[in-house]
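**Student:** Chain by chain, the residues:
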Amino acid sequence: MNLDILSYGFMQRALLTGIMVSITCSIIGLFLVLKRYSLFGDALSHVAFGGIALGYFLNIYPIWTAFAVSVSAALGMTKLRKSTKISGDAAIAVLLSSGFAMGVLLISASHGFTIDLFSFLFGSILLTSMQDTLTILAVSCGVIVTLIAIRKPMIHFTFDEEQAKVHGIPIEKLNYLFVALAAVTVIATMRLVGILLISALIVLPNITSIMMGKGFKKTMMISISLSVTAVVAGITTSYYFNLAPSGTIVMLMVAMFVGTLIAKHAGLFSTKILTNENNSLSSN
Amino acid sequence: MSMNALDVENVSVSHNGVLAVNKISFSVQEGDLLGIVGPNGAGKTTLFRAILGLQSYQGKIKLFGYEGNQYTTLLSMIGYVPQKVNFEPNFPATVFDVVAMGILSRKKLAKGAALIQSCGCCWNRIFQTSSKDSEKIEEALKIVGLESFKDRRISELSGGEQQRAFIAKALVKEPLLMILDEPVTGVDMDVQNKFYSVLRKINKENKITIVWSSHDLTAISDLATRVACMNRDLFFHGEKEEFFANKDLLKTYSESAMQMHMHKHDM
Ligand SMILES: Nc1ncnc2c1ncn2[C@@H]1O[C@H](COP(=O)(O)OP(=O)(O)OP(=O)(O)O)[C@@H](O)[C@H]1O
Ligand SMILES: [Mg+2]
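Protein sequences appear in the order of chains V and B. So the first sequence is numbered by the working numbering: it starts at 1 and just counts up by one. So the second sequence is numbered by the working numbering: it starts at 1 and just counts up by one.
Check the hints yourself; a few may be wrong.
Said to hold, decoys possible - Just a few of them, taken from the derived set where beta-carbon distance is under 7 Å, the chain V residues facing chain B:
1) Tyr37
2) His156
3) Glu162
4) Val166
5) His167
6) Pro170
7) Leu174
8) Met211
9) Gly215
10) Phe216
11) Thr219
To be clear, the hints were calculated from the coordinates, so they are not data collected in a lab. Keep in mind the model is a prediction, meaning the values are calculated, not measured. Ideal Cβ positions, reconstructed from N, Cα and C, are used throughout, including at glycine.
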């Protein structure tokens, strides 16, 4: 395969942002999945859509308004959940529909601007501008560095909230910080796969790697590798075969998930102890 | 003169208006190994949760004489083994990962140690000060006999094995005080005995104060230096010998448990 696609500026930008975003999504996603908050990303992306529409409406760089709206919605919802005991899935439904409704409303109210709805819904990684690329890179790096810094308390908190509290971890503050990071990640990811497919990036690589029975660090590393592989392969194949990159990326991730599922059932990930037992049984 | 590691003053806890702990007061001196006994539903777990800041209560609780912020600092130096750990079952953590969560940062450890020193208490660390985190984890795993399990997922362990991992997690923190809520329930006899000898050792050699609830009166009479007996109210708190000499008290706790205990001593 010739690599002259790399000589195109748009392709370089697409791959670079794709890789950064997939790493960020994997790490944030692992915690979201383990906290049983998988659909939170979906809800936030719909809110971000509202934020983007607001940006166009007010004539501000839409990514900034999306940041502002999503982060405040995420923090507000976390606070509301705490004080009213709304269940997680209901909170997600409220967030998701209200965010999207706001977007649709603002778009209809200002027939003046032409917003490419399709590219927000399904991503437009090949159209990423220089400004978008730089913003996404800076944001991803910030999120990754912060997550690395808070990984220990975050792991403890996700594993067992009460034990973490006794251990002196400020779980409330940590939770707010984490939710804000998730909101920021979702916005950085929108360009890649669009509002409707963000959940795939958050959930699929992680449930695939969790199945492999490894410890925390390895699970995270596997998830990141799967995600980066799917994104790079997805962007390149979609270019050669003229397909939608977002759909291609997500379908590759689904394939990895299904493949792992089948491999697991075939007993490929069974532990040493199990194989020993099998040996002793067969030798009898 | 020795300090009090824990002061519980007039503490009451109610769950949805139902009193589970009623105006309990007692103190634990540093170096004590206090066994708490009481039937199911007596409020032992509830009392522990109040001490650990997981449950709101009325009254006053002090750790090494401290309240407020200093209490919170010292709280993180409590090695707590809950009766039942509720962890996320899909969590991809190995036994090693779980024990590693118990490691307290050097900064917190130093802060707590300074507080302990300034109140004139003493506490010896279980592990050598110079040992690396991974060495501490390996050693703690050896203490509970899980060294060959360290790369297994915690969710793939049996209940008793999991409990042992959580004991290691409490040890690795270099605790000042251990609060053990029926820590060996579901753990086999060999490991129970091993665990009891570890308790005795860290209590004697490292001067770690231990508060421990159990239904096993034989183990309590072997190990504890002091005993508290509660069933919503505190019926007794004092020397072990006094508790076991008082047949009426034993009877309040449990008729059959008393008979078993007496039987053992007759032999
Ligand atoms: N979260 C809760 N909500 C309502 N009531 C509770 C709750 N936790 C405990 N209780 C009640 O408080 C009382 C004391 O319970 P607790 O768990 O403290 O007993 P325990 O002494 O630890 O018993 P066991 O020996 O069975 O562990 C019980 O009557 C129990 O029903
Ligand atoms: Mg209990």
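**Student:** Evaluate each hint against the coordinates.
**Tutor:** The hints, checked one at a time:
Interface restraint check: Tyr37(V) against chain B, minimum CB-CB distance 11 Å, threshold 7 Å, status violated. Annotation: interface hint on His156(V) holds; nearest CB of chain B at approximately 5 Å, less than 7 Å. Interface hint at Glu162(V): satisfied, since its Cβ lies 6 Å from the closest Cβ of chain B, which is below the 7 Å cut-off. A cut of 7 Å between beta carbons decides the hint on Val166(V): the least distance to chain B is about 5 Å, and the hint holds.
Because the closest C-beta pair between His167(V) and chain B is about 5 Å apart, less than 7 Å, the hint holds. Below 7 Å, beta-carbon pairs count as interface contacts, and Pro170(V) has none with chain B, the closest being about 10 Å; its hint is therefore violated. A hinted interface residue such as Leu174(V) counts as satisfied when its beta carbon comes closer than 7 Å to some beta carbon of chain B; here the least separation is about 14 Å, so the hint is violated. Here the hint on Met211(V) is broken, as its CB sits about 9 Å from the closest CB of chain B, past 7 Å.
For the restraint placing Gly215(V) at the interface with chain B, the shortest Cβ-Cβ distance is roughly 4 Å, inside the 7 Å limit, so the hint holds. A hinted interface residue such as Phe216(V) counts as satisfied when its beta carbon comes closer than 7 Å to some beta carbon of chain B; here the least separation is about 5 Å, so the hint holds. At a threshold of 7 Å, the smallest CB-CB gap from Thr219(V) to chain B is about 4 Å, leaving the interface hint in force.
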